[in-house]
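Starting from the two chains in their separate frames, assemble the complex, guided by the hints.
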Amino acid sequence: MALERDVYREFEDVVGAEYICDDPAIMPSYHGVEHAAVVLPANTAQVQAIIKLCNKHKLPFSAVSTAWTGMFSPGTIYIEMRRMNRIIEINEKNMYAVVEPYVISAQLQAELFKRGLHLNVKGAGTQCSALLRGHGHLDQSTSGDDRNHLAIEWVTPEGEIVRSGALGSVNEWFCGDGPGPSLRAILTSAVPPGVTPGVFTKAAVKLYHYPGPAKFPIQGKSPKYTLSEIPPNMMARYYSFPSVEKMWEAELKLGENEICFELMGFNVSMVAANITTCNEDEERIFKQMDKEKLGPGFFVIIAGNSAADFAFKKKALEQIISESGGQSLKSVEDPETEGILLCQCIRISASIRETFRPGGMFKSIPIMGQRDLTIKWAVGAGEAKLPLIEKGYIVDDSGGFFGWGVEQGHVGKTEIFCKFDPQDPEAEKAVEGWHKEQSERAFKERYFALLMGPVADDVAPAMSNFNVWWDKITQAFDPNGIAPQGGPLV
Amino acid sequence: MKEEIGMGVEQYKGDMNMCCRCSCCKFIPLQQVSGYEYTYVCPSIARYEYHSYSGGGRMNIGAAALKDGFNYTDRLLDIVYNCQMCGACGVSCNYAMDMEVQEAINEFRIKCVEDGHTHPELDKVIKLLRKQGSMVPATGKRGDWAEGLDLKDATKEKVDVLYHVGCLTSYDENMHKLAKATAKILQKAGVDFGIAGEAETCCGGRAFQMGYREDFLKQAKKNMALIKKAGIKTVVTSCADGYQAFKVLYDQHRLKGNLEVLHISEYIDKLIREGKLKLKKKLDISVTYHDPCRLGRLGEPWIHWEGKKIKKYRRGTNGVYEPPRDVLKSIPGINLSEMTRIKEYAWCCGAGGGVNESNPEFAEWTALNRIDEATSTGAEAIVSACPWCEKTFNKAIEKIGSRLKVYDIVELAAKAI
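Chains A and B supply the protein sequences, listed in that same order.
Heads up: the first sequence begins at 1 in the working numbering, then just goes up one per residue.
Heads up: the second sequence begins at 1001 in the working numbering, then just goes up one per residue.
Just chain B, with the same shape it has in the complex (with noise of 0.2 angstroms):
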């Protein structure tokens, strides 16, 4: 028996009966705890401190649900909803454990939609992705930011790498900056890439976290259909939504086929190791790096699976860390720090699971508590690999008056060419 997509929460039942509630998910892998602080890696628990709100916790309810069946209250969608599916339990849990967390997690969410049991400013958010193909308001054009850069249009012209901008990038006028960032680095690096301009749709993929399965099949399809039209091979992302989504669901939902699938700061890693693209200008700046959580634990790629158990467990182990530190290390008068919580146990910025939608002052708590860990490094800035992230530390670097920055990879790495 092959793992059946769309099967459920049903499929995972084994692994939820063997959560035998050790409380490892809560914390950062042990040996890698370095002091009083920084040692929670879930921001879900530590915000709301019943157990229930853990990885466990979660598993606990669910193996309970299988048995004595789904009765949905307010006290269980506080705990579905209030969760940045950030991963980050499965990987503390999956040091010591065979068994699966952040995919039963994740069709427990899906399984209350499914219910009709959802979160009305999700419904919101999913309402305007059917109408707009974003899950952003569609301010203006998508391609709008593109005005005046003479790129070429990938559903015209054949080109070797399709550059997915994404619905914040290309709709937030903040996040603009990111997309030139990156036309700027692929077009002096001569990649022959092009955007999709207003033919763009959503990845899909924060619909997926969100519980929304249906929305982000449909999506997906749309995707892959643009792309096998256009004839691309490759594509290139710098959000880390839309990388987990092309490279690892696509994959999960068996529609990704051998479309390579890279984040930006993978593509500029190789384009730096290739010789086709220097940084050279010197950037006086001390740094720290955000892993974003679906560049790196859930970025990991998909293993499929047959049987009734899974015999190879995904732990976060392939993700995308290397990359951007090397990028990163590679700009001159750049100095990095590592906060504690780093890679594969990286603390969420707070944004994911719809949690920035349906609870931002859980999102902002989230982040709050990494703009902390960041500030303790003694860096100037922190830099991320996603306008979720950045968007998200934004907010709340500006709700408490911090002097720390904000970039994005591929700002620094644009403004070191």
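So here's chain A without its partners, still in its complex pose (with noise of 0.2 angstroms):
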């Protein structure tokens, strides 16, 4: 879907000839859709420019940034903020760093690392923004969604640059609420860049204390690296435990009392798939794994910030394990796997091996919510699974789901997988046919309720058509209706 000349020729006006696209080769590797054209802005000004004639044209467009997911019509303009990718502060005394979009986690991460400090790492992983809003393994010790965003600087849908919080009225980046417009329900309902209405050009996110050191001692080539020590005062363990009530009670506790660094509900073929190199190894460790699981578990990483910190934490974490029953996973307790596991799970976050690999394609229901109800959810989407597993659709996990409390483990993650061929056209209709019984018995059930898929149209009436009222705001914001309406944006 061309744009007609001397429209193609105002965006280039803006963003300079190279940094424009419209060669149908191009659009294979921009989720196979033929875009509008694709553009790289430098700035903010260049991003108000470009909005400014989508509206002036009634042209849809879609900001992004690695764009690892997303939903994209054809004809839009596909804005990818590559080019925007500098740190542009770290404030250690008041513990943010602003980030324009195409700073990934790692470089942040690793700059933060250097001064004793670090970020929330969305699950996705570490080559994704570091602007991104989500949820990620860090969940209990530096929270998640938007709580880790200060104050941004956003372009409306019409092209209005607007500054929240403290930015919008005292020209600083530390709080997102106030002073200043408080934008938080509307700027942060789904994910930036893009979905959220306009575009995110930067964000202050939120830093915590980092116990850990300021780089790790890896050895090893790959797809194989290992530390050469665990660093001190840090430790990794997976727990399993004799029942879904009893692992919930355990992570409760845990979030309570604030112990863990890291906690990651990973069931143990997720495991496997982290410290193995290939499928034919992640296959063999998960079976030798699943036969040492008690039942469902977790993955834990305490880090003191001294020996006495260190001390006390692990004490208390060997003490809730013990109450609830819980049991450490041996093949964990090996340095080398604990080293893997450790680096792996900080400065990857969520690896590829665990969800693409296996078979290529995976298909979700991530839900975030109150911890104890979709867990009890999840155990029967998992027992779902099995058939599936029976006839060789999915790869075989044992049914397992996962997820992770934020802060305090009340309210968390919870997500379940199937791992598929997406070349095997009978794999890809049973997951299919598993999901969408999985989301309705959800709703039906009134454990949640996805916003998208078979039950969005009952959902909104059981909560107070708050449909109607989203539809309102970003109609008010976006008059021409030219912003992305929904989907995850990763």
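Worth flagging that the hints you see were computed from the coordinates, not collected in a lab.
Just so you know, even glycine gets a beta-carbon here, dropped at the ideal spot from N, CA and C.
Heads up, some of the hints might be wrong.
Chain A is nowhere near these chain B residues, computed Cβ spacing over 10 angstroms in every case [to be verified]:
#	residue
1	G1014
2	V1091
3	D1098
4	D1153
5	T1155
6	E1173
7	K1221
8	D1251
9	R1254
10	L1255
11	K1311
Here's a subset of chain A near chain B, in silico, CB distances under 7 angstroms, partners left out [what the hints assert, rightly or not]:
#	residue
12	D23
13	P28
14	P217
15	K221
16	S222
17	T226
18	C278
19	C343
20	R353
21	G360
What follows is the structure in structure tokens.
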């Protein structure tokens, strides 16, 4: 869907000839969609100019960072934020960092580690934007979702520049809620820099104290990197429990007592994926770990600010685990495995190994909500995977699910996925069926409601018709209806 | 079904379809990221910005072409030819994924050439190859550099080792020093070696990188015929392209047989360990080592496969990384500092994939990025193990007036004898 040449030239005047392209040759690498054009702005002024042109010509737009996933319609102006990749500021005293959209978490994290700081890394991985709102394995110690956003520089769907919070009043980044306009619910309803109406061009992210090493002592060659030693005052373990209830009991106690640097409710299939370097090894190690475990479990990293702090956390951890009947997985106690997981789960976060490697594709139901409730639902969803495993449609993970609590752990992320080969139409159909069935069950049995998919039309009346209000808000900000609507974006 | 040599890009359809667009191919392995700088591993995406220029972008384009047909536009060819074929994207991808990246990208390039969509500058290079058996203009005779050194002619006398000199080293007067240094080292160690002199012909490696498989095969067969006729059991080369050609590409195309192939850095390391060579002279110099792509990650031995899908992937793990470093560390007075991007995730010098010829500006841009990184270590010199790397770095250094020196490992080893 090529732009008319005079319209193309208007965009070209903004970014320069080198940074706009509508050649069909590039479109397969942009999600296989025929965009109107791919545009790469260099700064906020260019983003603003692009959005104004979109309004002028009624062209829909989408703004992305690394764009691992997303939903895009043909004919969109695809704004790739690659050239906006600067770390603007690291403010150690006030513990925030200001970044542009294409700073990846790995870059910011590495710079922060040198300063004894770190940030919440989203589960999608450190190759994704540091600006990204979302959940990650560090949520117990670094919170999650929009709580890590402070002030934001936002280009509205009409092309106005709005600076939220302290940025809008005193030109400071330290607070997203005031003094100055707090637009938290509007700005962070989904994922920046797109999907939320408009484009985030800069954001301040909250930083946290980091007790770990500035650099992990990595040795070896890809794909097997290990640590020459476990950094002082750090430990990684996997604990399994006799039941989901006991697992939850321990998870909550750990959260409430603020023991963990990281708590990730992996299932052993995901542990096996992370510590192995190929699918064959993963399958073998998973079978081994599956026999070793008591039941559902989670992965924990504790990190002490001192030897005494570490000793206390270790003691508290072990006591809580023991009180819940939990057991440490011996495989993970091996220092080589412990080191791999320590580094992997901090420096990379979710690993592609545990999602795409086994089958080439995965289909997931993620939900943010009350952990004990969503875990109950996930148990059923996991049992529903077993027939698909038996038929060979999906990778065998014993029907596992995963998740973790945010901050003290009452609320958190629960997710379950099926890993399959997308070239197998029967497998894809079976997975689609499972997804539909479990999404509908979640709503019918009142665990939670997904806002997309088969039950979306039934959800709104059960939730005060929130969509009516949201539509009014988005129309007010986006009178020409050109901003993207909905869909997860990484 | 064995892997079908020449079956082309179709055999990598499944791999291309597996790309999930995670963007890891743009960066060094994430746990190796040590700061904001020197995070990128792919020169093409770093320079050209559009996702299409990344490893993943190329895979997406390949998958679409296999599904919808190959539609060659100027932009597509710009994407194809602005790639050093350095293999870094594959290493980063294969940290996590079981899928073949580099070979898929190689085969796409080969398909472009087979379909007649070549780059005019690369056509010139191949024309020269066909005429002169060289990737660089042949000035004088191939063995001229050896005049006065009294080296054995391996085509006439039985020798244990054939020293394959390579096109650039043979014909570029500035690189003759590398051949002379290599010869000095081998003579000092008492190695029974010879050169093929005028009979030596291009290994074909760079032709393969550029996408000209048939020309590569012709060169490979000529070389193996010479080697067989001369009864050579071991080939040593001081060029990384030559190393990859003999060691990996010839094996991939089932031409290598039992030939032992060593890079000179491996050979020097071996000679030192066997006590046949001692590097005693002190060289007070601080250096950083640049891993050539085709000695490192792309120098990894080939793994033949059967069936529909590769079972054991080459992930850059088994390239030649330590021997050059061990050689440097054995030279008294050398102070070795490492750059951020090293070994299997080293940044390319810029010269590969035909980019040196088709887009010298991009090659220079890439080299300058590396020079910047080398300078950041505080080292006085960057050391490599490939004449193409040395040439590319020297050009870049001259352009910006940097004081960084460039050496090949053989130069330093020869000085330390």
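Checked hints:
Not every CB of chain A is more than 10 angstroms from the CB of G1014(B) (nearest about 7 angstroms), against its label as outside the interface. The non-interface label for V1091(B) is inconsistent with chain A: the shortest C-beta to C-beta separation is roughly 6 angstroms, within 10 angstroms. For D1098(B), the shortest C-beta to C-beta distance to chain A comes to about 5 angstroms, within the 10 angstroms cut-off, and the non-interface label is violated. Distance to chain A confirms D1153(B) as a non-interface residue, since its nearest Cβ pair spans about 40 angstroms, more than 10 angstroms.
With a least CB separation of 39 angstroms from chain A, T1155(B) remains clear of the 10 angstroms interface cut-off, as annotated. No Cβ of chain A comes within 10 angstroms of the Cβ of E1173(B); the nearest lies about 37 angstroms off, and the non-interface call holds. Every CB of chain A is more than 10 angstroms from the CB of K1221(B) (nearest about 33 angstroms), matching its label as outside the interface. Look at D1251(B): its CB is around 21 angstroms from the nearest CB on chain A, clear of 10 angstroms, so calling it non-interface holds up.
With a least beta-carbon separation of about 25 angstroms from chain A, R1254(B) lies farther than 10 angstroms from that chain, consistent with its non-interface assignment. Distance check for L1255(B) against chain A: the nearest CB is about 28 angstroms away, which clears 10 angstroms, and the non-interface claim stands. Here K1311(B) does not stay apart from chain A, with its beta-carbon only about 8 angstroms from theirs, under the 10 angstroms limit. Given hint, D23(A) at the interface with chain B, holds; its Cβ is 4 angstroms from that chain's nearest Cβ, closer than 7 angstroms.
Taking 7 angstroms as the C-beta cut-off, the interface hint given for P28(A) holds, the closest approach to chain B being about 3 angstroms. Annotation: P217(A) was flagged as interfacial toward chain B, and the flag is violated, the nearest CB pair being 11 angstroms apart, outside 7 angstroms. For K221(A), the interface hint holds, since its Cβ comes within 7 angstroms of a Cβ in chain B; the closest pair sits about 5 angstroms apart. Using the Cβ-Cβ criterion of 7 angstroms, the hint placing S222(A) at the interface with chain B is satisfied: the shortest such distance is roughly 5 angstroms.
A hinted interface residue such as T226(A) counts as satisfied when its beta carbon comes closer than 7 angstroms to some beta carbon of chain B; here the least separation is about 11 angstroms, so the hint is violated. Interface restraint check for C278(A): the shortest CB-CB distance to chain B comes to about 6 angstroms, inside 7 angstroms, so the restraint holds. Here the hint on C343(A) is kept, as its CB sits about 5 angstroms from the closest CB of chain B, short of 7 angstroms. At a threshold of 7 angstroms, the smallest CB-CB gap from R353(A) to chain B is about 5 angstroms, leaving the interface hint in force.
For G360(A), the suggested interface contact is upheld, since its CB lies about 5 angstroms from the closest CB of chain B, less than 7 angstroms.
Hint compliance for this structure: hints 1, 2, 3, 11, 14, 17 are not met, and every other hint is.
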